[in-house]
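Line by line, the protein sequences give chains A and B.
Position 139, counted from 1, in the first sequence is what numbering that gives the first Met the number 0 calls 138; the numbers after and before it change by one each time, with no gaps.
Position 148, counted from 1, in the second sequence is what numbering that gives the first Met the number 0 calls 147; the numbers after and before it change by one each time, with no gaps.
No lab work stands behind these hints, which were simulated from the structure alone.
Fair warning: there could be bad hints in the mix.
Per the computed footprint, the stretches of chain B lying under chain A, defined by three or more beta-carbons under 8 Å from a beta-carbon of chain A, are [as the list claims (entries may be wrong)]:
(1) 75-89
(2) 107-120
(3) 178-186
(4) 189-201
We put the beta carbon where it would ideally sit given N, CA and C, even for glycine.
Protein chains: 2
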Amino acid sequence: MEKKVSASVINRLPRYYRYISEIEAGGIERISSKELSRRMNVTASQIRQDLNCFGGFGQQGYGYNIKFLKSSIEKILGLDRGYTAILVGAGNMGRTFAINTKFESRGFKLIGIFDSDPKKKGVKVGNHFIKSYSEIKQFISENKPQMAILAVPKESARGVAEELIGYGIKAFLNFSYTELSMAADDVTIENVHLSDSLMRLSYKIVERENNTEQVE
Amino acid sequence: MEKKVSASVINRLPRYYRYISEIEAGGIERISSKELSRRMNVTASQIRQDLNCFGGFGQQGYGYNIKFLKSSIEKILGLDRGYTAILVGAGNMGRTFAINTKFESRGFKLIGIFDSDPKKKGVKVGNHFIKSYSEIKQFISENKPQMAILAVPKESARGVAEELIGYGIKAFLNFSYTELSMAADDVTIENVHLSDSLMRLSYKIVERENNTEQVE
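Required output: the full structure, derived from the provided sequences and hints.
So this is what it looks like as structure tokens:
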């Protein structure tokens with residue numbers, strides 16, 4: 000874990016984690032790299048390469064020990080650290096994320112949902128009651144969450160992020176339809192753009208159409 | 000565009016596209032690779048490398064022509080092809096995606112929203128009225144959409160995808176909290192898992208904490 004791991008390996012790790020978790024839930028204790036490769040639709044050599052970045056977990060002729068692999072990926076991704084998160088913004092995007100994300104099974108805990116709209120105060124979302132944004136400063140100082148999930152309007156995103164940084168939050172997951180970046184070196188932001196996935200799909204259609212043209 | 004482009008470059012292209020679009024909207028006609036690099040928070044050499052995969056668009060000492068760069072990326076991603084999409088599933092996730100995605104400015108057209116819940120029929124989502132899932136076969140045969148966005152319950156995802164493949168759909172954007180893959184070579188699926196972004200953020204926090212430990 001000492002050397003810098005490439006961004007594409009990091010991008011693939013959550014997917015490994017989801018598959019390994021499912022395989023474990025299915026009661027399987029050990030899997031060959033060939034079988035894992037078939038299930039994940041990734042070449043066996045890619046899997047070996049990716050996992051080798053972190054020291055490798057497989058044994059020749061034995062395959063991967065699922066439990067060990069899972070707990071290793073958990074450590075790499077920090078899912079064993081019990082990080083807590085707050086959600087700011089309980090509009091469509093925020094509610095969808097809060098309701099559908101399996102926080103606990105991914106090693107996180109959502110500890111509060113905030114919105115600046117007084118009409119939303121006290122409304123239930125999943126297991127949470129929306130709190131007023133005016134309570135957020137005190138909440139953060141008392142509960143010290145590691146992450147804030149931003150699902151606020153585009154125009155408010157930067158202001159909210161700067162305010163929360165002032166209260167001590169240093170990691171943001173940003174669903175606010177704008178790209179946030181902060182000059183501060185110790186602040187980490189993961190920007191999520193749902194429409195990017197649409198563009199990637201489009202690229203794949205083009206690629207397929209081009210290939211079909213060549214073949215015909 | 001003949002050679003195979005790496006997945007990581009493809010993953011970065013939508014982000015390039017968003018930035019270039021914003022820069023164009025700001026009235027800028029030409030940008031140095033240094034300035035583009037500063038705005039995007041990516042090294043200038045990374046940008047050069049990525050864009051060179053598609054033949055390169057910059058000129059030494061001149062920088063990038065924004066309009067040309069934008070239309071080139073549009074061609075690569077197929078955003079100039081007028082692809083149309085239907086959305087299946089008008090729950091939280093589906094509605095959020097339909098309302099918040101700027102389809103048109105990304106070169107797509109959302110032409111129909113379907114749900115199997117009779118209570119949702121006729122309900123307005125953005126500019127659309129939800130249609131009954133029972134109308135989907137005829138709608139597809141008449142309108143021939145290129146893509147289907149799946150935001151259905153996990154358990155229904157595979158069945159719906161198989162049914163739509165039968166009606167001629169060959170590209171899926173899957174928000175159904177399960178990983179879909181199809182044996183058919185001519186079917187393309189882009190699986191989106193929102194919780195993956197949470198795990199990536201977590202990794203970055205771990206990385207930062209490790210670095211801080213080393214420095215202190």
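Discussion item. Three residues or more, CB to CB closer than 8 Å: is that satisfied between the segment 189-201 of chain B and chain A?
Written reply: Check passed, 12 qualifying residues.
Worksheet item: Counting residues of the segment 178-186 of chain B whose CB is closer than 8 Å to a CB in chain A, do you get three or more?
Response: Held - the segment 178-186 of chain B has 3 residues with a Cβ nearer than 8 Å to chain A, which meets the minimum of three.
Worksheet item: Okay, the segment 75-89 of chain B and chain A, do three or more residues pass the C-beta test at under 8 Å?
Response: Since 7 is at least three, the answer is holds.
Worksheet item: Within the segment 107-120 of chain B, is the number of residues with a Cβ closer than 8 Å to a Cβ of chain A three or more?
Response: violated (count 1)
The structure fails to meet hint 2 from the earlier list, while all remaining hints are met.
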